[in-house]
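Produce the entire structure from the sequences given, and follow the hints as far as they go.
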Amino acid sequence: MSVEENKMPKRSPFSAQIDLAKFELATEEEKRQQDVMSESTTFLKDGMRRLRKNPLAMGSIVVLVLILLLIIIAPRVVPYTYSGIITVDGVRDKSAKNLAPFTYSKLEQKYIDEGGEVFPHILGTDEMCRDYFMRVIYGTRVSLFVGLFASVLVLIIGVLYGSISGYAGGRVDMFMMRVVDIIYSLPDLLMVILLSVVLSQVITFQPGSLMAKLGSNMVSLFIVFGLLYWVGMARLVRGQILSIKENEYVLAAQSIGAKSGRIIKRHILPNCISVIIISTALQIPSAIFTESFLSFVGLGVQAPMPSLGSLANSARDGLQSYPYKLVFPAVMICLIVLAFNLLGDGLRDAFDPKLKD
Amino acid sequence: MSENILEVKDLCTSFFTDSGEVKAVNGVSFNLSPGKILGIVGESGSGKSVTAYSIMQILADTGKVVSGEILYRGENILNYDKRQLKDFRGKKCSIIFQDPMTSLNPVYTVGNQLMEGIMLHTDRNKEQARERAKEMLELVGVNEPARRLKQYPFELSGGMRQRVMIAMALACEPDILIADEPTTALDVTIQAQILELMKELQKKLGMAIIMVTHDLGVIADMCDEIIVMYGGRVCERGTAEDIFYRPGHEYTKGLLRSIPQEDTNDRLVPIAGTPINLLNMPKGCAFCSRCDAAMKICLEEKPPEMQMPDGHYASCWMNVKKQYEENEGGAGNE
Amino acid sequence: MSNDNGYLVEVKDLKEHFPVRTGFFEKTMLKAVDGVSFQIKPGETLGLVGESGCGKTTVGRTLLHLYKPTGGQILFEGEEVTENNINEYRKKMQMVFQDPYSSLNPRMIVEDIIGEPLDVHKLYSSKGERREKILGLMETVGLNAEHATRYAHEFSGGQRQRIGIARALAVNPKFIVCDEPVSALDVSIQAQVINMFEDLQKKLGMAYLFIAHDLLIVKHISDRIAVMYLGRIVEIGDADEVYHSPKHPYTVSLLSAVPIPDPKTAKERQRIILSGDVPSPMNLPSGCAFRTRCPYATEKCAAECPSLTDRGDGHMVACWNK
Chain A
1 MSVEENKMPK
11 RSPFSAQIDL
21 AKFELATEEE
31 KRQQDVMSES
41 TTFLKDGMRR
51 LRKNPLAMGS
61 IVVLVLILLL
71 IIIAPRVVPY
81 TYSGIITVDG
91 VRDKSAKNLA
101 PFTYSKLEQK
111 YIDEGGEVFP
121 HILGTDEMCR
131 DYFMRVIYGT
141 RVSLFVGLFA
151 SVLVLIIGVL
161 YGSISGYAGG
171 RVDMFMMRVV
181 DIIYSLPDLL
191 MVILLSVVLS
201 QVITFQPGSL
211 MAKLGSNMVS
221 LFIVFGLLYW
231 VGMARLVRGQ
241 ILSIKENEYV
251 LAAQSIGAKS
261 GRIIKRHILP
271 NCISVIIIST
281 ALQIPSAIFT
291 ESFLSFVGLG
301 VQAPMPSLGS
311 LANSARDGLQ
321 SYPYKLVFPA
331 VMICLIVLAF
341 NLLGDGLRDA
351 FDPKLKD
Chain B
1001 MSENILEVKD
1011 LCTSFFTDSG
1021 EVKAVNGVSF
1031 NLSPGKILGI
1041 VGESGSGKSV
1051 TAYSIMQILA
1061 DTGKVVSGEI
1071 LYRGENILNY
1081 DKRQLKDFRG
1091 KKCSIIFQDP
1101 MTSLNPVYTV
1111 GNQLMEGIML
1121 HTDRNKEQAR
1131 ERAKEMLELV
1141 GVNEPARRLK
1151 QYPFELSGGM
1161 RQRVMIAMAL
1171 ACEPDILIAD
1181 EPTTALDVTI
1191 QAQILELMKE
1201 LQKKLGMAII
1211 MVTHDLGVIA
1221 DMCDEIIVMY
1231 GGRVCERGTA
1241 EDIFYRPGHE
1251 YTKGLLRSIP
1261 QEDTNDRLVP
1271 IAGTPINLLN
1281 MPKGCAFCSR
1291 CDAAMKICLE
1301 EKPPEMQMPD
1311 GHYASCWMNV
1321 KKQYEENEGG
1331 AGNE
Chain C
2001 MSNDNGYLVE
2011 VKDLKEHFPV
2021 RTGFFEKTML
2031 KAVDGVSFQI
2041 KPGETLGLVG
2051 ESGCGKTTVG
2061 RTLLHLYKPT
2071 GGQILFEGEE
2081 VTENNINEYR
2091 KKMQMVFQDP
2101 YSSLNPRMIV
2111 EDIIGEPLDV
2121 HKLYSSKGER
2131 REKILGLMET
2141 VGLNAEHATR
2151 YAHEFSGGQR
2161 QRIGIARALA
2171 VNPKFIVCDE
2181 PVSALDVSIQ
2191 AQVINMFEDL
2201 QKKLGMAYLF
2211 IAHDLLIVKH
2221 ISDRIAVMYL
2231 GRIVEIGDAD
2241 EVYHSPKHPY
2251 TVSLLSAVPI
2261 PDPKTAKERQ
2271 RIILSGDVPS
2281 PMNLPSGCAF
2291 RTRCPYATEK
2301 CAAECPSLTD
2311 RGDGHMVACW
2321 NK
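Chains as they are written, first to last, in my numbering: chain A, 1 to 357; chain B, 1001 to 1334; chain C, 2001 to 2322.
Heads up, none of these hints are tricks.
Pairs of lysine-lysine residues, derived as BS3-like cross-links and limited to a Cα-Cα distance of at most 30 Å, are as follows:
(1) B/K1283 x A/K22
(2) B/K1023 x A/K53
(3) C/K2122 x A/K259
(4) C/K2015 x A/K259
Restraint ranges, calculated between C-beta atoms of paired labels, are given here:
(5) A/E246 x B/D1018: 26 to 34 Å
(6) A/E24 x C/G2128: 38 to 46 Å
(7) B/Q1084 x C/K2027: 50 to 58 Å
(8) C/S2275 x B/D1292: 43 to 51 Å
(9) B/D1018 x A/I73: 33 to 41 Å
These are calculated hints, taken from the structure and not from any lab test.
C-beta atoms are modelled at their ideal positions from N, C-alpha and C, and glycine is treated no differently.
Next comes the structure, spelled out in structure tokens:
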């Protein structure tokens, strides 16, 4: 009897009456239903899902999209230009100096009283009677353009150089990396100043071209970015490639007989693309910042073309009376740089496989 | 019946990830008697290591003991405060890990790390601690202990490092030593050295050992009692002989069939299917989708833990069915 | 030179030395493989066992010219495989890798992973033919056709290893180097993969070089076993012969160290526990590399390195004393 008791299940109160039907063999089909493979996700989908969960990164995207819309749409809506003095009814309005936001000059006020319509000066005007809102918008355009262009420059040179160095390895790698070390040791600001002095005397731009509008300072800035700033990217890509090269799938591709070009294109670059995207996203704000800083110290774009940095610089003069003139471009720089940085961080959290799991 | 040094009752540990709650350990109970070697065996994802980490309270940030009790000499360690826990870890229960390279700090010497643990848990001064460290290294079979104390971990071989780890774990004479895959990263001949050493030390010092591993060979060699885990649950627990010669769970049977035998080269009988997805646990038995003998009830209901005729426990509906059939047969005789 | 001796793969005195920087100007040679010779017949499995760092993986990779051999010859069907004609032989020799996680590109779908050898060697004339071939390969290794567009990271270890095997089979090789193909897998999955290797061999008649450290598995799958220690083969012979009556003291101790999944035998048997650690391959002892751990070592062992000698039935042992 005691043996019989021992045999009884320990936990569940289990009686002798069992439903025999339940003890039939389960069919393969029924078993397979238990085995559900989780939903197919690609690397991109998975990363985007994580990115969407990151409120800071999503907020940054919204801010950037808003800024982008603003700088595209505003010049089409607002009837002022960044360089022209405000005109009222075809007459230059010399009295519209340093207006506060949403105020009108005497001339304009008269015109309004007479029944005419004047588009409001959203951010007022500057000391040369130009609409400040448009200047800030164009300044943002220039800063964003410089940031994106410089980053693309850095991206192309850095990725090419880094992948060749990393994949070739050995002496080639050694030599290429020493070149990088030398470039790293050059003081970048000094280079910008020297180059812009030299360039402004050597090169003459076609009047009216984009380059002429930006001025020799900007061109030298691009050259310096192209010459100096790619080294960080190159080092990063090289490091990535060195570690990816260790993976057995690269060895497997070699054992299949795949050529080097195919291995770089199909196996190595797709696996460091996330790192490249992330560091490009972080490169943009640093380029914008450098540009703003150079413009602030007077080495930036050619007047009358504004940039956020040069706007901030010229706002210094009337800082006591018109402090808001410094605030607007400064806030814009902060917004852009912060948004790109937060987005870059978010991208890294979402896509960097090392932080995964 | 001897007093149990450690009782784990219905332990549930979950990890809370992006994709949802992962029930890594799902209702595990077992007892550990003093001076015994208990083996926890299972494949990756079976929850064997998480069980060990739950006992030590060293789970990752996303992990949490959701329910259950872990009783050390009758005290629930889940209710311990920080100070008590610090005392528990190292002094009463210590752990050695799979990879002896990453579990030693590369910037401190072996002696430094050994002495730190000793001084933390006992009131020895630096000199006494050094003496004790030397003693411990000698005990675990490290040659020239005085010189080794001054060496850095990278100067030692894998086997030596694991010996140092064992010395560190045993320096404060714990009652329980948890070994989490202690020999998996080592070569066969070094593994034999370490296993032999652990057996010897167990006899000499008399602590209880919880051996967590996936290697049935290591388990067979070392353990008095064995727990077989699958999908976060205990399939079967009993003595080594029970498990290897009279398995009572279809998973254990399948596992034993699937390893190559010494004397024949007959075709292996693998377990079909793929390992369980912990995010998508079946309603019934965790093993049901891979089990050849799965019945309809296995898909629907969790099998109860039941005592087998020889006294060990298994959770498999097959046993319920068998017992029912026996009872039916027996009823005719009565 | 024709294929007169009937061997599919013949390795003669293969050497692979890696330069290792030990100081700013100094370089030491790491002798990963130091004079290895063996032959494999068509349809045969040669098991290669040894502890980590003994050079077994290097042998497999050097066979496929993934590393340039420092010395020696590799003959395939009697013809020497060199750097110039290796691409031709990559249609005949393939490799299955150890780690099912790092051996598949995480950014490629299964279809493209398996299809890569077909792409590289242009083994199809139309997209339809490519797809047909890939689905055929997937069926051979027991994968569902619906898995073709999934990424490798969505699969379990066992399934990933199947994908790796399908990739190796894509070019219809006659010889596959299996570099620890099951050691990263769970016990219950290992048996599935081993059975598949055996079935494929029966069906397609390939030869394997099966590299592993698990002696039970190697004995199970191999016709012959070679045991390596520090870059050299110390014993080679029929699988059962080597497993049940090993001659070299290293093989003996290796076998006695293997944990046996049977509590009674495990607790009763006497282990021969080797003392000490494996010497560094950068600083090999003179003579026989095993002498520092060998219980039978004599002065002769230190003076001269023994070569493989036949002890009957092709059972070759490299030892002065046994």
